[in-house]
Amino acid sequence: MPPPILDVRNLHKNFGAVTAASNINVSFTAGETVGIIGANGAGKTTFVNMITGYLKPTRGAILYRSREITGLPPRSIARLGICRSFQVSQVFVSLSVLENLLTAVAIASSPGLGMLRPLRRPELIERAERIMERYRIAAFRDQLASELSQGARKLLDIAMAVAGGPKILLLDEPTSGISTEEKQPLMDVVMEALKQDELTILFVEHDMEIVERYVDRVLAFYQGEVICDAPPAEALRDPKVQEFVIGGEYQAGGGHA
Amino acid sequence: MNLVRDRTVQGLTLALGVMLIVSALVPSWIVNQLLFAFSRAIVVLGLLVLWRTRLVSFGHALYFGLGAYTVAMTSRYTGVNDAFALLGAAALLSTVVGFFVGFIIRRYRDIFFAMLNLAFSMILYGILVKTEALGSTDGFTIEQPTFAGIAFEDPSEGKLALLCLLMVVGWAVAVGVQAYLRSTLGRLTTAIGDNEIRVEYLGYSAEHAIHIKYVLSTFLAGLGGGFMALALGQVDPDSMVNWTASGELVFVTILSGPGSVAAPFIGSFVFEILRTYAFEWMPHAWQMIVGGTLLIVIFFMPGGLWGLVSGVAQRLTRRRPAAAAPGAGG
Amino acid sequence: METALTILLDGLVFSSYLFIVSLGLTIIFGVMKILNVTHGSFYAWGAYTAAFLIGLAANAGWPDWAGFAIIFFAAILVGLVLGLILERGILQFMYHRDEVLIVLATFGSFLVLEDTILLVFGVDPYFAFQPMQLLGSVELGGIARDTYGLTLIGLAAVLAVTSWLVLRRTHWGKLLSAVIFDRELAMAMGLNVSRVYIVTFVIGAMLGALGGAYIAPTVSVAPGFGVDVIVLSFAVVVIGGMGSVPGAMIGALAVGIVRALAVHKFPQFELFVIYAVMATVLVFRPEGLFAPVKARKI
Numbered sequence: 001m002p003p004p005i006l007d008v009r010n011l012h013k014n015f016g017a018v019t020a021a022s023n024i025n026v027s028f029t030a031g032e033t034v035g036i037i038g039a040n041g042a043g044k045t046t047f048v049n050m051i052t053g054y055l056k057p058t059r060g061a062i063l064y065r066s067r068e069i070t071g072l073p074p075r076s077i078a079r080l081g082i083c084r085s086f087q088v089s090q091v092f093v094s095l096s097v098l099e100n101l102l103t104a105v106a107i108a109s110s111p112g113l114g115m116l117r118p119l120r121r122p123e124l125i126e127r128a129e130r131i132m133e134r135y136r137i138a139a140f141r142d143q144l145a146s147e148l149s150q151g152a153r154k155l156l157d158i159a160m161a162v163a164g165g166p167k168i169l170l171l172d173e174p175t176s177g178i179s180t181e182e183k184q185p186l187m188d189v190v191m192e193a194l195k196q197d198e199l200t201i202l203f204v205e206h207d208m209e210i211v212e213r214y215v216d217r218v219l220a221f222y223q224g225e226v227i228c229d230a231p232p233a234e235a236l237r238d239p240k241v242q243e244f245v246i247g248g249e250y251q252a253g254g255g256h257a
Numbered sequence: 001m002n003l004v005r006d007r008t009v010q011g012l013t014l015a016l017g018v019m020l021i022v023s024a025l026v027p028s029w030i031v032n033q034l035l036f037a038f039s040r041a042i043v044v045l046g047l048l049v050l051w052r053t054r055l056v057s058f059g060h061a062l063y064f065g066l067g068a069y070t071v072a073m074t075s076r077y078t079g080v081n082d083a084f085a086l087l088g089a090a091a092l093l094s095t096v097v098g099f100f101v102g103f104i105i106r107r108y109r110d111i112f113f114a115m116l117n118l119a120f121s122m123i124l125y126g127i128l129v130k131t132e133a134l135g136s137t138d139g140f141t142i143e144q145p146t147f148a149g150i151a152f153e154d155p156s157e158g159k160l161a162l163l164c165l166l167m168v169v170g171w172a173v174a175v176g177v178q179a180y181l182r183s184t185l186g187r188l189t190t191a192i193g194d195n196e197i198r199v200e201y202l203g204y205s206a207e208h209a210i211h212i213k214y215v216l217s218t219f220l221a222g223l224g225g226g227f228m229a230l231a232l233g234q235v236d237p238d239s240m241v242n243w244t245a246s247g248e249l250v251f252v253t254i255l256s257g258p259g260s261v262a263a264p265f266i267g268s269f270v271f272e273i274l275r276t277y278a279f280e281w282m283p284h285a286w287q288m289i290v291g292g293t294l295l296i297v298i299f300f301m302p303g304g305l306w307g308l309v310s311g312v313a314q315r316l317t318r319r320r321p322a323a324a325a326p327g328a329g330g
Numbered sequence: 001m002e003t004a005l006t007i008l009l010d011g012l013v014f015s016s017y018l019f020i021v022s023l024g025l026t027i028i029f030g031v032m033k034i035l036n037v038t039h040g041s042f043y044a045w046g047a048y049t050a051a052f053l054i055g056l057a058a059n060a061g062w063p064d065w066a067g068f069a070i071i072f073f074a075a076i077l078v079g080l081v082l083g084l085i086l087e088r089g090i091l092q093f094m095y096h097r098d099e100v101l102i103v104l105a106t107f108g109s110f111l112v113l114e115d116t117i118l119l120v121f122g123v124d125p126y127f128a129f130q131p132m133q134l135l136g137s138v139e140l141g142g143i144a145r146d147t148y149g150l151t152l153i154g155l156a157a158v159l160a161v162t163s164w165l166v167l168r169r170t171h172w173g174k175l176l177s178a179v180i181f182d183r184e185l186a187m188a189m190g191l192n193v194s195r196v197y198i199v200t201f202v203i204g205a206m207l208g209a210l211g212g213a214y215i216a217p218t219v220s221v222a223p224g225f226g227v228d229v230i231v232l233s234f235a236v237v238v239i240g241g242m243g244s245v246p247g248a249m250i251g252a253l254a255v256g257i258v259r260a261l262a263v264h265k266f267p268q269f270e271l272f273v274i275y276a277v278m279a280t281v282l283v284f285r286p287e288g289l290f291a292p293v294k295a296r297k298i
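Note that the protein sequences, when read in sequence, are chains S, R and U. In terms of the numbering used here, the first sequence opens at residue 1 and continues consecutively. In terms of the numbering used here, the second sequence opens at residue 1 and continues consecutively. In terms of the numbering used here, the third sequence opens at residue 1 and continues consecutively.
Now the stretches of chain S that chain R is said to cover, found in silico as 3 or more residues with beta-carbon under 8 Å:
1. 106-112
2. 115-123
Some residues of chain S that are not near chain R, with every Cβ distance over 10 Å (derived):
3. 23
4. 26
5. 33
6. 149
7. 184
8. 196
9. 233
10. 240
Just so you have them, the derived chain R footprint on chain S, three or more residues with Cβ under 8 Å:
11. 65-75
12. 89-97
Since the hints were made in silico from the structure, they are not lab data. Quick caveat: nothing in here was measured; it's all calculated off a predicted structure. All C-beta atoms, glycine included, are put in the ideal place defined by N, C-alpha and C.
Bound-form chain S, shown alone (with noise of 0.2 Å):
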């Protein structure tokens, strides 16, 4: 088996008496998509927090590729090859789209004083229209990202995320404030666009019917521990998952019981 491309070990954090992680150790393979549930207050943002550096642990360790990444800021995480993207869409509202993507693509390719070199380049533009046509927002290249729907600006917020060629994306709630109708067809763009980049992704999720359909593993948390970790078939049936998590028994195709 190849050696984990994310090893999260004995991971703890404590808000003073109250436990947002307990006990955490779980490693994911390089490749892989996770799903991660849970109920609100479960920890499942704090988890992603850490992990892209956001919090501090309390305890533990996070080791990417076998380096110890634990307490390093978000920007170094980022360079280092985790990204995320965001449960409210955090976009440069005065920029355009273009902008935005130019912006993400150029700081990914530009260490040290290449930050100095003009951030209009035609390669820059090129691998960000390319990003633009995968995302399916190619169509509101100089529109403004204020004036984006909910949708686009996820989209533009994902595709953000992945400019700079990640190995671990974290989506945060990608479908979150997306009205139900809309929810396939965007995830839909996701993964599809996501396929091709070869990516370990993990994302938290409330819709359990996007998590059956597009994952291949699932992290259940409650109370800041991980309750059950397993192929989502087995997890979604597992009944703490269905207690805690679920609220009910869990139906395919039909959502929450």
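Knowing the structure of chain S, use the given hints to seat chains R and U on it.
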């Protein structure tokens, strides 16, 4: 670098050529106006870079004053009296101070950024007004400088030489800032103003980028302050270092508008003309004019003078093809 | 020993003065999140109006004690007129905009009001010494002191206690605390935030004007009167914690005592120390020493 093909750079170069010729022909009072206007424009150029990240400093008179006083002190106490050396010292000192202060400042945003800058500038003000050796509340006068060893007998020739130097330097820093704004780092300006979290997660430190902007702005403020000291032939704490001086710089920045590196030059010139005539005709209404203008710009002209000018220019250029279109279609 | 007492007393008088002029600023910031540069205008207008009216009263043969009534009348009048004009005329259109732009708008208003003073009151200084003369002087620690200056301490104490009582014990105070704690929540609960803002701004303006009006008898009221007080009160408010009344008290005491110490021992550092303290506090506690508790947003 295709900076040569940049339209702003072309425009600036053309303007420099025209202004070099014009300045030799105009009366000396206009030379003085231009000296004050362009000295201030260099400072405002730095504030524009900050303003694009939605950072407003209520304390850049610190660096402006530092530059001015460096020129005055160096010429008074060391006997060095060459414009190049004096201006170099002014820019260097304010940049060094800005670099160190920047480590603290870069952690702050919004009004905290404005207030901390204010506090630092008032510290310098507090020192200046209470120290005899630094001229106290009166400040002191500066002799005419030489230019690379050349001394001008006629003071008006000296002023003209200073103006030529100022315009060339002003052109150079404007082109430099334009190149910076086009770079990836410079383009982060707006991005950081919009969303720092995203910048962090794309792999760049917003604080680092703000520190660089800050140092750039302090360099320009010191340089502009140095020119202003030579142009005025004197320095004093109240018109150069007090918080009102910082407020004036912020005012010219807002008046000019963030749209272009050329804007500060236009804005500063308008400001200078406005001031001259206001003092002549309505000596007790100058602050009212400034304050009223500030309110008008905030409410009705978010792009400042530059926005107004480029808006008119755009309308003119748009009308032509629109007028031609029916003819072509029919 | 005598110097220590002198420093303490001087410091206390100056602290009281600072507290009076900063109270309105901190209340406005706390409730409305506006760093109000026009506070300097309220101060200057208060001083001019009081000095002008006291002069009129003296010429009309009114007794000297009427000056005290005039001071408070001037403060209320100026606060009401200028506060309403600014809040209704300018600020109410800016609440949704950038904090920094609001500061700039108040800066613009300040400049306009500065010159309006010149148009209304002229450029010559005003003297309104009658109330100060009336109270004479007392000897404290071997030094003769103006009684009037000492009454500043009393006024500051009264204002401190009153504002504490109003904020803690009245219905209005509780509404204000709710707005300070979480503006959105207060709005969602159906609080008329716009009315809270008007009242807050007018009261803040009255307090600023009171600072100027009360200090007017001790100085010559001349153009540029409000300029220095702006940064001084900014320093006090920043040190104590923007938006906090006890903070303003602590900030005023800190600045007052430190300045008195500097004036007596190291006069060349008089201004330097004030802003050095301000910068130090900002660097280590940007929210100030006593920043009010806010609702967590994330």
